[in-house]
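Peer 1: If you want the building blocks of each chain, they are given just below.
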Amino acid sequence: MDIFGIPIQAFLGQLLLGLVNGSFYAMLSLGLAVIFGLLGIVNFAHGALYMIGAYVAYLGLETFGINYWFALVLAPLVVGALGVVVERTLLKRLYKLDPLYGLLLTFGLALIAEGIFRDQFGVSGQQYPVPEALQGATNLGFMVLPNYRGWVIIASLAVCLATWFLIERTRLGAYLRAGTENPALVQSFGVNVPLMVMLTYAAGAGLAALAGVLAAPVIQITPLMGSNLIIIVFAVVVIGGMGSILGSILTGLALGLVEGLTKVFYPEASNIVVFVIMAIVLMFRPAGLFGKEK
Amino acid sequence: MSSVQQPTVPKVATPPQAGAPVAPATDLDRRARWAWFAALAVLVAAPFVGLYPVFMMKALCFAIFACAFNLLLGFTGLLSFGHAAYLGAAAYATGWLVRSAGWPPELGVLAGTAVAGATGLAVGLLAIRRQGIYFAMITLALAQMVYFVCLQAPFTGGEDGLQGVPRGKLFGLIDLSNDVAMYFVVLAVFVAVFAFIIRIVHSPYGQVLKAIRENEPRAISLGYDVDRYKLLAFVLSTALAGLAGSLKTLVLGFATLSDAHWSLSGEVVLMTLLGGMGTFAGPVIGAFTIIGLQNYLADRVGSWVTVIIGAIFVVCVIAFRRGFVGELVAWQQRRRQGGD
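In the order they appear, the protein sequences are chains U and A. Residue numbering for the first sequence is -18 to 275, as defined by this note's numbering. Residue numbering for the second sequence is 2 to 341, as defined by this note's numbering.
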């Protein structure tokens, strides 16, 4: 059976791959949006944190024999702790300044991280094995689904939805949303806003690291994997608008799918399709699909 | 979550205004003028006192690039995070026209500049629809698109780039393969661009740009068509960045992917920030510092160059936001106030 002359197996395979990429976009743009909301900082280092997450998993396995499941917990903790240090020592000095300085500072941090890892590992990629329990594939009748890819999609969707629930439906999330609107007022009600800001950055960093561990077995781990991704995620954020959590998730997944489709029909354009969509969205809806007009 | 910025966040930490009339300090002006002449004298004498001409030309090209960028960031308050795209587009256009189509160098450079300006017009039309941080993200994303075009287009040589671009003869007369001749052409262009930018900033148009930088809503309410001013500034800046890229291709004889890469977009921000954004001399000093540093470190520390550049970035943002020239101006102002 063919779709527009393309075997359905290949077609669905690319769609699946697109969905996998899309779930990484979703997780990263979610973290970016939450951090931007509370800290007013566009975290360029988000890609670097994702990269470090993948390397924590890789080094954990190579050096200490830490398995995949444990790495899923360990990497977000390590990177989250790193996030705490960065926020306490550097970012907190910028809150009274124009957000552009936050972008520049985190850009510098991303360069530092990338340089250090490139010195240690070079630019050629490292491989991370698929954990034993998720090896193999399942025949769904209409297509063969590699188990690991299915797991990535399900796991990252679950994480995204849990984040959404935390922010939109719990008391902690209410503090967080209030802090985004008016930090001074929330502080005067007795909420420890600086602590909340610190933990938010740490959580965003941990989310990026988690995405890094999930990605490790399906991609080449390289020091450059973060910066290549973060620019696409920026475009995703511009397309979706940073106004809504669900919007970030949906936009991320949808753009992953579109990218997958482009790989099927016109592979040469698959690198730029997200940017083209961004340009089109800017023309007709400058505030983004889910953003509010000022 | 709301993307609305908290109203409590103060606007841009204003860069020091070198162009603004400070006080009737003729003494200071005279000293500044001497400094300009001294700097120009050094640049003219450079090839005769043993400074490596290719290095000087490269640094001058990046100085043009940083000055063009500063016109946007320092004097209009727009952070474009994708300026390498215009330098790269022009570098490839000039490289291809001069090498494969056999154009003379002066036409090649003009065409490269025009290509960069046209790219800038297309990007600018989209990017000025958003402000602040979104503007930075959009310019970065569209620049990445230009990068992929440079990577995949049939005439750009892919990963290898365009190699062996001849310098040719300027107006059919001056043989540019002579490094000293090439150097003086680059120097002349640099001085012209520098003077042009000073002229723009001091013109009524430049004053409007500064008004936009200081308070965009106010500029709008005063009746200025802010978007048109911003777009023109963007096109001017990108065209001049392209001029830098075209010259660079002639000087070095190649155009490569690193000319269009986002890391170069970051470097030009750093050059401007380190030298002093919103000052005239700052980007030049910043460009010479960064290019000199990279040149010096390249074969000594390997990948650590990136780490060092990143660390300078962090230090600049945390503790040195006014840059060399900005700190100098602030120091002199403090001293003058102390002396009065």
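No wet-lab data here; the hints were simulated from the structure. Owing to the predicted nature of the structure, the values given are computational and were not obtained by experimental measurement. All C-beta atoms in this analysis are idealised placements derived from N, C-alpha and C, irrespective of residue type, glycine included. Be aware that a few hints might be false.
For lysine to any residue, the following SDA-like pairs were computed, each having C-alpha atoms within a straight-line distance of at most 25 Å [unchecked claim]: (1) U:Lys77 <-> A:Ile313; (2) U:Lys73 <-> A:Lys211; (3) A:Lys59 <-> A:Ala220; (4) U:Lys77 <-> A:Thr290; (5) U:Lys73 <-> A:Ala320; (6) U:Lys77 <-> A:Leu174; (7) U:Lys73 <-> A:Leu174; (8) U:Lys77 <-> A:Lys59; (9) U:Lys77 <-> A:Trp332.
Just the calculated beta-carbon pair ranges, DEER-fashion [unchecked claim]: (10) A:Gly293 <-> U:Val257: 34 to 44 Å; (11) U:Ala143 <-> A:Ile319: 51 to 61 Å; (12) U:Ala(-9) <-> A:Asn179: 26 to 36 Å.
Incomplete in silico selection of chain A near chain U, CB under 7 Å [as the list claims (entries may be wrong)]: (13) Leu127; (14) Leu141; (15) Ile199; (16) Ile201; (17) Pro205; (18) Val209; (19) Val308.
Peer 1: Does lysine 59 of chain A lie within 25 Å of lysine 77 of chain U when you go C-alpha to C-alpha?
Peer 2: violated (37 Å)
Peer 1: Could you grab the alpha-carbon distance between lysine 73 of chain U and alanine 320 of chain A and see if it respects the 25 Å cut-off?
Peer 2: holds (13 Å)
Peer 1: Do the Cβ positions of glycine 293 of chain A and valine 257 of chain U conform to the proposed distance bound of 34 to 44 Å?
Peer 2: Since the Cβ atoms of glycine 293 of chain A and valine 257 of chain U sit about 39 Å apart, the hinted range of 34 to 44 Å holds.
Peer 1: Taking only the CA atoms, is the gap from lysine 73 of chain U to lysine 211 of chain A under or equal to 25 Å?
Peer 2: Roughly 29 Å separates the two Cα atoms, so the pair is violated.
Peer 1: Decide if the proposed pair is consistent with the structure: lysine 77 of chain U and tryptophan 332 of chain A, CA atoms, cutoff 25 Å inclusive.
Peer 2: Distance ~23 Å between lysine 77 of chain U and tryptophan 332 of chain A Cα, so the pair holds.
Peer 1: Check whether the Cα positions of lysine 77 of chain U and isoleucine 313 of chain A lie no farther apart than 25 Å.
Peer 2: Answer holds: lysine 77 of chain U to isoleucine 313 of chain A is near 21 Å, not above 25 Å.
Peer 1: Hint leucine 127 of chain A vs chain U: min CB-CB distance below 7 Å?
Peer 2: holds (5 Å)
Peer 1: Per the hint of 26 to 36 Å, is the separation of the Cβ atoms of alanine -9 of chain U and asparagine 179 of chain A within bounds?
Peer 2: Violated - the Cβ-Cβ distance for alanine -9 of chain U and asparagine 179 of chain A, about 57 Å, lies outside 26 to 36 Å.
Peer 1: Under 7 Å, Cβ to Cβ, is where valine 308 of chain A needs to be relative to chain U, so tell me if that hint holds or is violated.
Peer 2: Nearest chain U Cβ about 4 Å off; hint holds.
Peer 1: Within a Cα-Cα threshold of 25 Å, do lysine 59 of chain A and alanine 220 of chain A meet the stated pairing?
Peer 2: violated (38 Å)
Peer 1: For a C-alpha distance cap of 25 Å, please report whether lysine 73 of chain U and leucine 174 of chain A respect it.
Peer 2: violated (59 Å)
Peer 1: Verify the interface restraint on valine 209 of chain A: the C-beta must sit less than 7 Å from at least one C-beta of chain U.
Peer 2: violated (20 Å)
Hints 2, 3, 4, 6, 7, 8, 11, 12, 15, 16, 17 and 18 from the earlier list are contradicted by this structure; the remaining hints agree with it.
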